[in-house]
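Protein chains in written order, with our numbering: chain H, 1 to 310; chain W, 311 to 586.
Just so you know, these hints were derived from the structure itself, not from any lab. Among the clues, some could well be false.
To be verified - Dumping the calculated EDC-like pairs for lysine to aspartate or glutamate here, alpha-carbon to alpha-carbon at most 16 Å: (1) H:55 with H:10; (2) W:428 with H:189; (3) H:63 with H:74; (4) W:428 with H:67; (5) H:171 with H:195; (6) H:241 with H:221; (7) H:14 with H:51; (8) H:55 with W:585; (9) W:428 with H:51; (10) H:171 with H:189; (11) H:59 with H:74; (12) H:63 with H:3.
Below, each chain spelled out in residue letters.
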Amino acid sequence: MIEATELTKDYGEKRAVNEISFTVRPGIVTGFLGPNGSGKSTTMRLILGLDAPNKGDVKVNGKHYREHPAPLHEVGALLEARSVHTGRSAYSHLLALAQTHGIPRRRVVDMVDLVGLQEVARKRAGQFSLGMGQRLGIAAALLGDPATVLLDEPVNGLDPEGVHWIRHLLKQLAAEGRTVFVSSHLMSEMALTADHVIVIGRGRLIADMSIDEFVRKASGERVRVRTPQATQLRELVLGPKITVATSEAGVLEIEGRTAEQVGEIAAENRIVLHELVPVQASLEEAFMELTRDDVEFKSIETQEREELAA
Amino acid sequence: MSSATAVVSIPRLGVSGRVTQARVVLSEWTKFVSLRSTRWSLGVGFLLTIAFPIIFAAVTASHWAHMSPSDRAGRHPLDIALAGVNVGQLAIAVLGVLVITGEYSTGMIRSTLIAVPKRLPVLWGKLGVFAAVSFLLMLPAVIISFFASQSILAGHHILQISFAAPGIARAVIGGALYVMLVGIFALGIGSIVRNTAGGIATFAGIFFVIPPLMNVLPTSWNNAISRYLPSEAGRQLFALHTGANSLSPLWGGLLMLGYCAAAVAIAAVLLVRRDA
Numbered sequence: 001m002i003e004a005t006e007l008t009k010d011y012g013e014k015r016a017v018n019e020i021s022f023t024v025r026p027g028i029v030t031g032f033l034g035p036n037g038s039g040k041s042t043t044m045r046l047i048l049g050l051d052a053p054n055k056g057d058v059k060v061n062g063k064h065y066r067e068h069p070a071p072l073h074e075v076g077a078l079l080e081a082r083s084v085h086t087g088r089s090a091y092s093h094l095l096a097l098a099q100t101h102g103i104p105r106r107r108v109v110d111m112v113d114l115v116g117l118q119e120v121a122r123k124r125a126g127q128f129s130l131g132m133g134q135r136l137g138i139a140a141a142l143l144g145d146p147a148t149v150l151l152d153e154p155v156n157g158l159d160p161e162g163v164h165w166i167r168h169l170l171k172q173l174a175a176e177g178r179t180v181f182v183s184s185h186l187m188s189e190m191a192l193t194a195d196h197v198i199v200i201g202r203g204r205l206i207a208d209m210s211i212d213e214f215v216r217k218a219s220g221e222r223v224r225v226r227t228p229q230a231t232q233l234r235e236l237v238l239g240p241k242i243t244v245a246t247s248e249a250g251v252l253e254i255e256g257r258t259a260e261q262v263g264e265i266a267a268e269n270r271i272v273l274h275e276l277v278p279v280q281a282s283l284e285e286a287f288m289e290l291t292r293d294d295v296e297f298k299s300i301e302t303q304e305r306e307e308l309a310a
Numbered sequence: 311m312s313s314a315t316a317v318v319s320i321p322r323l324g325v326s327g328r329v330t331q332a333r334v335v336l337s338e339w340t341k342f343v344s345l346r347s348t349r350w351s352l353g354v355g356f357l358l359t360i361a362f363p364i365i366f367a368a369v370t371a372s373h374w375a376h377m378s379p380s381d382r383a384g385r386h387p388l389d390i391a392l393a394g395v396n397v398g399q400l401a402i403a404v405l406g407v408l409v410i411t412g413e414y415s416t417g418m419i420r421s422t423l424i425a426v427p428k429r430l431p432v433l434w435g436k437l438g439v440f441a442a443v444s445f446l447l448m449l450p451a452v453i454i455s456f457f458a459s460q461s462i463l464a465g466h467h468i469l470q471i472s473f474a475a476p477g478i479a480r481a482v483i484g485g486a487l488y489v490m491l492v493g494i495f496a497l498g499i500g501s502i503v504r505n506t507a508g509g510i511a512t513f514a515g516i517f518f519v520i521p522p523l524m525n526v527l528p529t530s531w532n533n534a535i536s537r538y539l540p541s542e543a544g545r546q547l548f549a550l551h552t553g554a555n556s557l558s559p560l561w562g563g564l565l566m567l568g569y570c571a572a573a574v575a576i577a578a579v580l581l582v583r584r585d586a
């Protein structure tokens with residue numbers, strides 16, 4: 001459980017996180033979404049007490065992180081920035097962290113095996129690829145068997161297999177009743193793993209809702225129907241704020257009604273349906289739409305395109 | 311790395327312990343010995359401390375016949391025995407800075423402070439491990455230096471001095487103590503500056519640049535001030551004869567200890583207050 005209230009952090013003149021309040025609950029995967037530079041990593045640092053907030057407060061499992069007598073059992077964290085001495089082996093790195101809590105060596109070996117680093121555990125971490133570095137970070141995060149897991153952009157640098165592995169891991173951690181808080185700038189990634197999303201842009205909270213609700217809101221209600229009685233159905237579903245488009249003969253794209261509604265209308269009027277599909281607009285697009293004004297660092301290309309459009 | 315992909319099953323950790331100072335010391339020990347740079351710095355510090363007196367003794371012995379009486383009078387066996395201290399301190403000081411700045415430059419400090427968010431136990435742990443190791447390494451180094459240089463000089467029947475003579479044992483052990491204190495001071499500086507190059511430069515400035523700069527001051531000022539500099543106060547620990555403008559070994563040592571305490575105190579306050 002993570003509870004943030006009016007959390008605010010300034011770096012010099014720049015406000016990185018602006019009065020955000022949210023709660024991350026156990027038992028589900030909560031995605032933390034936002035464009036690069038939106039304040040995700042800063043929020044993570046504030047949760048972990050690496051940085052002190054200028055205003056507001058954040059507690060983990062009921063206490064400030066710093067006040068926990070055994071912090072690694074409370075929170076396991078993977079930060080986006082590398083947090084390993086390049087001259088030390090993966091094994092020694094994990095052992096040193098484990099020793100602060102009296103965690104046995106056996107556990108270090110277990111974690112090395114879990115993330116699949118057994119063959120390189122004695123090599124210096126400076127020689128690791130980005131993906132191996134991520135795996136080491138995840139091993140460190142799980143070392144203390146933490147009640148809360150905090151992962152900042154965990155799929156960065158992972159190969160497709162690694163990405164797949166992370167998805168399974170996150171779901172597994174949540175299924176075990178842990179609080180799982182995962183940041184990402186990739187909407188599609190979150191759509192696959194998260195049950196709930198918290199969206200921030202330029203340090204402000206934009207959305208805090210279940211992934212289903214987010215997807216629905218973001219994509220609107222669009223249904224694709226294939227029917228031999230297209231003209232008839234079209235008349236029946238039309239109404240205020242409802243638009244119907246036809247891209248090919250016998251196919252209707254209905255915006256403003258759910259698949260359930262369309263199906264029921266069709267059944268009542270004995271209309272045969274060959275296909276009834278709720279259409280989700282590209283999540284990536286929806287996310288871009290939602291955070292567009294909040295993207296701190298637009299690429300020049302994007303800016304130019306917008307200027308042309310304007 | 312493919313074997314871990316199929317099924318994810320996270321083993322549970324049966325025991326659960328809390329962070330204690332003793333555990334943090336053990337953790338810092340693991341970190342300290344698991345780095346190549348540590349072993350190199352310690353090895354170099356140890357070897358230089360011994361090598362210089364041996365070379366110095368050999369050169370003195372071979373030139374003795376050609377040396378003028380005043381040159382001969384200027385050579386003291388203890389100066390020869392502890393000639394390596396000034397060089398060895400460099401290696402230990404650099405290591406002292408690196409112990410902490412290495413964590414900042416690599417980002418390790420974040421992992422460290424996430425594991426020990428109260429932070430101060432980390433500083434105490436680093437200091438304890440580093441001070442103990444550097445003293446326990448330098449003590450045999452200066453003792454070996456003393457007896458090795460003495461045995462070379464004994465071969466030519468010159469400059470013999472007994473370890474039991476007044477002040478000798480104190481000066482030899484004081485040499486090791488001095489290097490340890492220099493290391494602690496450097497660690498404090500490193501923790502304040504949080505940057506390897508900056509830490510080493512600051513240390514070098516205080517120990518090697520400011521002292522000669524004092525010579526531009528009028529002699530009376532120089533005599534009044536120089537004795538209180540950390541390098542000058544600290545070296546009284548391993549000096550046999552203290553000059554008229556120098557502090558006694560005890561007061562010099564205590565003042566050096568005071569400088570260390572001040573550097574560490576500032577480092578501690580900043581470690582707790584600053585964002586990591």
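Going through the hints against the structure:
1. H:55 with H:10: 9 Å, holds
2. W:428 with H:189: Violated. Residue 428 of chain W to residue 189 of chain H sits at ~35 Å, over the 16 Å cutoff.
3. H:63 with H:74: 10 Å, holds
4. W:428 with H:67: The given pair, whose Cα atoms are some 8 Å apart, holds under the 16 Å limit.
5. H:171 with H:195: Holds, because 9 Å separates the two Cα atoms, which is no more than 16 Å.
6. H:241 with H:221: 11 Å, holds
7. H:14 with H:51: 15 Å, holds
8. H:55 with W:585: Within the cut-off at roughly 14 Å; holds.
9. W:428 with H:51: 13 Å, holds
10. H:171 with H:189: 13 Å, holds
11. H:59 with H:74: 11 Å, holds
12. H:63 with H:3: With a Cα-Cα distance of about 9 Å, the restraint between residue 63 of chain H and residue 3 of chain H holds, given a limit of 16 Å.
In the structure shown, a violation is registered for the earlier hint numbered 2 alone.
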